[in-house]
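**Student:** Given the sequences, and given the hints that come with them, work out the whole structure.
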Amino acid sequence: MTSNFIYKSGTAAIGVIILLILNFKKVKLSKDTWMIIGAFLFSIAGDWFLSNMHGDTLMFSKGIALFFLAHLGYLAFAVSNGQIKWKFISILLGTFLVFFFLLLYPSIIDKVLMLATLIYLLVSCLSLGASVGIKGDILVKWTFAFGIFLILFSDTIISLTEFMGYNMLIFLILPTYYLAHISITYALIRRAGLERK
Numbered sequence: 142m143t144s145n146f147i148y149k150s151g152t153a154a155i156g157v158i159i160l161l162i163l164n165f166k167k168v169k170l171s172k173d174t175w176m177i178i179g180a181f182l183f184s185i186a187g188d189w190f191l192s193n194m195h196g197d198t199l200m201f202s203k204g205i206a207l208f209f210l211a212h213l214g215y216l217a218f219a220v221s222n223g224q225i226k227w228k229f230i231s232i233l234l235g236t237f238l239v240f241f242f243l244l245l246y247p248s249i250i251d252k253v254l255m256l257a258t259l260i261y262l263l264v265s266c267l268s269l270g271a272s273v274g275i276k277g278d279i280l281v282k283w284t285f286a287f288g289i290f291l292i293l294f295s296d297t298i299i300s301l302t303e304f305m306g307y308n309m310l311i312f313l314i315l316p317t318y319y320l321a322h323i324s325i326t327y328a329l330i331r332r333a334g335l336e337r338k
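For the sequence shown, counting from 1, position 189 maps to 330 in the numbering used here; every step adds exactly one.
Source of the hints: derived by calculation from the structure; they are not laboratory data. No residue lacks a Cβ here, since even glycine has one placed at the ideal position from N, Cα and C. Mixed in with the good hints, there may be bad ones.
[To be verified] Simulated DEER-style distance windows between Cβ atoms:
#, residue 1, residue 2, range
1, Leu244, Leu335, 38 to 48 Å
2, Asn193, Lys228, 39 to 49 Å
3, Leu161, Ser231, 14 to 24 Å
4, Leu313, Leu256, 34 to 44 Å
5, Met309, Lys228, 26 to 36 Å
6, Leu210, Leu315, 16 to 26 Å
7, Phe240, Ile162, 31 to 41 Å
8, Met200, Leu259, 17 to 27 Å
9, Lys276, Asn193, 35 to 45 Å
10, Gly196, Leu256, 15 to 25 Å
11, Leu310, Ser221, 11 to 21 Å
[Claimed, not checked] Lysine-lysine pairs mimicking DSS-like chemistry, simulated, CA-CA at most 27 Å apart:
#, residue 1, residue 2
12, Lys226, Lys276
13, Lys276, Lys203
14, Lys172, Lys203
15, Lys226, Lys172
16, Lys252, Lys203
17, Lys172, Lys276
**Tutor:** This is how it looks when you write it as structure tokens:
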């Protein structure tokens, strides 16, 4: 399990290191850079809980809570660099609420876990909706949004696996999760490069 945790959290940890190196000479890091660093750190902590839950629903709920905080960081970054696309969020959220209540809700026995999953779903949709509203460089916008989409995609597969026992897509969980952090980190590398020009 320890090696599994190291692999899972590796891309987020490398992302933190890259962002700190990129901003090493700055006297003060921008608030939105700290938001992403914080999001990655909360993701690492969430990975630890999920890697060590051993069927414990409370550990699972704590992991989800930490990933919720990570999404607040992604959401804050996106909002500080653009605006929320409410029409997009309405469609996305409507789709995921149908998915939740028709497929997941009947399968989740633990009420705390059910509530944590629902709240996490809401903030995930919000952060993706905000990310497509980022203004400025198109590559920064879409690589960041792609990263958030991949997290949502990976989490959807996890929910199908954990709550419904559907394992056909399990092989995609880690690759999409790794690529999500790489994509988000690239968005900030690109932005840092543009700021230096």
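**Student:** Please go over all the hints and tell whether each is borne out by the structure.
**Tutor:** Tested hints:
1. Checking the proposed 38 to 48 Å range against Leu244 and Leu335 shows it holds: the Cβ atoms sit about 42 Å from each other.
2. Hint check: Asn193 to Lys228, Cβ distance near 40 Å, so the stated range 39 to 49 Å holds.
3. Here the CB-CB span from Leu161 to Ser231 is close to 37 Å, at odds with the stated 14 to 24 Å.
4. Between Leu313 and Leu256 the beta carbons are some 27 Å apart, a value that contradicts the proposed interval 34 to 44 Å.
5. Distance hint for Met309 and Lys228: a CB-CB separation of about 32 Å, consistent with the stated range 26 to 36 Å.
6. For Leu210 paired with Leu315, a C-beta distance near 21 Å keeps the hint of 16 to 26 Å intact.
7. Here the CB-CB span from Phe240 to Ile162 is close to 39 Å, well matched to the stated 31 to 41 Å.
8. Take Met200 and Leu259: their Cβ atoms lie about 18 Å apart, and the range 17 to 27 Å holds.
9. With their beta carbons about 40 Å apart, Lys276 and Asn193 fall inside the hinted range of 35 to 45 Å.
10. The hinted window of 15 to 25 Å between Gly196 and Leu256 holds, with their beta carbons roughly 19 Å apart.
11. Between Leu310 and Ser221, the C-beta spacing of about 33 Å breaks the proposed range 11 to 21 Å.
12. For the hint pairing Lys226 with Lys276, the CA-to-CA distance comes to about 12 Å; that is within 27 Å, so the pair holds.
13. Simply put, Lys276 and Lys203 have alpha-carbon atoms about 33 Å apart, too far for the 27 Å limit, and the pair is violated.
14. At roughly 26 Å between alpha-carbon atoms, Lys172 and Lys203 fall within 27 Å of each other, so this suggested pair holds.
15. In summary, the hint linking Lys226 to Lys172 is supported, as the alpha carbons are separated by about 22 Å, within the 27 Å threshold.
16. Restraint check for Lys252 and Lys203: the C-alpha separation of about 13 Å stays at or below 27 Å, so the hint holds.
17. Between Lys172 and Lys276, the direct Cα distance comes to roughly 17 Å. Compliance with the 27 Å bound is thereby established for this hinted pair.
Violation of the numbered hints given earlier is confined to hints 3, 4, 11, 13; the remaining hints are satisfied by the structure.
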